[in-house]
Structures are given as C-alpha cells and as structure tokens.
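*Asks:* Given the coordinates of chain A, assemble chain B onto it according to the supplied hints.
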Amino acid sequence: DAKTTQPNSMESNEEEPVHLPCNHSTISGTDYIHWYRQLPSQGPEYVIHGLTSNVNNRMASLAIAEDRKSSTLILHRATLRDAAVYYCILRDEGAGGTSYGKLTFGQGTILTVHP
Amino acid sequence: DVKVTQSSRYLVKRTGEKVFLECVQDMDHENMFWYRQDPGLGLRLIYFSYDVKMKEKGDIPEGYSVSREKKERFSLILESASTNQTSMYLCASSLSLTGLSNEQFFGPGTRLTVL
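From first to last, the protein sequence lines stand for chains A and B. So for the first sequence, our numbering puts the first residue at -6; every next one is plus one. So for the second sequence, our numbering puts the first residue at 27; every next one is plus one.
Chain A with its partners taken away, still in its complex shape (with noise of 0.2 Å):
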C-alpha cells in the first residue's frame, strides 16, 4: 500500500483557516486520497475525498497537488468541534477486483483548536 505522511500535530485558533498537509510521493493511478477524523471517544467519520480535482464539500475542502504528490485539507473556520485526529488514506480502486478499497489508517494529525 502507499503510504502517507503527516505532521503529528497541529494547533489552529478557533473561527481561522486551517491547512492539513500530506504527503504520498508513492501514490499510484488508481489511489483515491480519503480524509477521515475521529473525535474523542468516538469511530471515525468521513471527511472528504478525491482523486486529482479539488474537492469541495460541506465539511472542509481538498486540494491535490498537480503531481498527486500532496495534498492538503482545509477546514475554512475552525470551531472547538473540529479538534479531533485527522486521517489521510490512500485507497486502490483500481480495477482487477484484487482490492477491496480498504482502508489503512496511520497515525494521523492531532488537530487542537483553540478558543
């Protein structure tokens, strides 16, 4: 599987932008870029995903770089609500019927949000 690469911690003031980063210089064709986050005491929950457009969706936007190298979440105002651990996965779609697009989470970004 290719892997990714995030800081282990950020830390943001409540109602600023905030910039995610990832790396995945492995990335292949058929790797689709997931954000998961889970919050304290709770499963994860889907965020957003992409393959090489930028994606935009209620929770937070998703800019892939030209390479598909890097990409970056962008929570536009962060809120108290938006501290919790920040996932980027690669998942295989490609076709072969080898994959079931799973999932592999890593370590991810510890957000904290300030008041």
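Read the hints as simulated data drawn from the structure, not as lab findings. Heads up, a few of these hints could be off.
[Unchecked claim] From chain B, some residues computed to sit far from chain A (all C-beta separations above 10 Å): (1) 44; (2) 88; (3) 141.
[What the hints assert, rightly or not] With a straight-line Cα cutoff of 27 Å, these simulated DSSO-like cross-link-like pairs (lysine-lysine) come out: (4) 79(B) x 97(B); (5) 29(B) x 96(B); (6) 83(B) x 95(A); (7) 96(B) x 79(B); (8) 97(B) x 95(A); (9) 39(B) x 83(B); (10) 83(B) x 97(B); (11) 81(B) x 44(B); (12) 83(B) x 96(B); (13) 96(B) x 95(A); (14) 95(A) x 29(B); (15) -4(A) x 95(A); (16) 29(B) x 97(B); (17) 95(A) x 62(A); (18) 97(B) x 44(B); (19) 96(B) x 44(B); (20) 95(A) x 79(B); (21) 44(B) x 83(B); (22) 83(B) x -4(A); (23) 83(B) x 29(B); (24) 95(A) x 81(B).
No experiment lies behind these values; they were computed from the predicted model shown. Glycine residues also receive a C-beta, built at the ideal position from the N, C-alpha and C atoms.
*Replies:* What follows is chain B alone, placed relative to chain A:
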C-alpha cells in the same frame, strides 16, 4: 443519516471466554467491516463482509471469526478471548467498496478489556 450501532460501549471479559461483539447498520449497506484500534498502531482491519454470509479476512484475522446472517448485522466473535485482544473495536459499513459511495460509516466503538 446512516447509523451504525454497536451492542456495548464497554465490555470486560475473562481470558478464555467466548465474546460476541454485535454491529447493526440501518442504511441497507452491502459492506460491513470490523477494525481494532490500538495506541501507536492505528486502525487495523480484522474482517469484512460484502454480502450476507460472505466474509473476507483483513490484515489481522487470527483469533477472530465473523458472522453475517442478515444484511444489517455483522458480528465479531472471539472464540477464546486473550489479554492481547484488549482493544477498541470499531464496526463500519459502506454502500459500495469502490466508487463514489464507498465512504465508510463507523460506529462509536466497543472498548473490550480481557482480564
């Protein structure tokens, strides 16, 4: 909203006991997953199921079995619990394995302690 529920938030069992962890999803999802989460190791996939009565081993199936008799229910079974199976167990479901609807929805987790 998709809801994934797990039978217990906390469970304490003794070594050698047979343990059942139950997971139910209410959105008619085809696929269900069992992960365990341990500090420093992240989430690891134990088993998954892509249809009723169908199952596939994940990365760490040893010591576990699963059952999927109905679409909405996926059970994880520890035939003879051991102390190294003390962990947080997370169940997830998804509509599809690949493509646009492959995001996984997680339950709140069951923290199992084996004494």
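*Asks:* Among the hints numbered above, which are violated by the structure, and what are their numbers in rising order?
*Replies:* Per hint list: zero violations.
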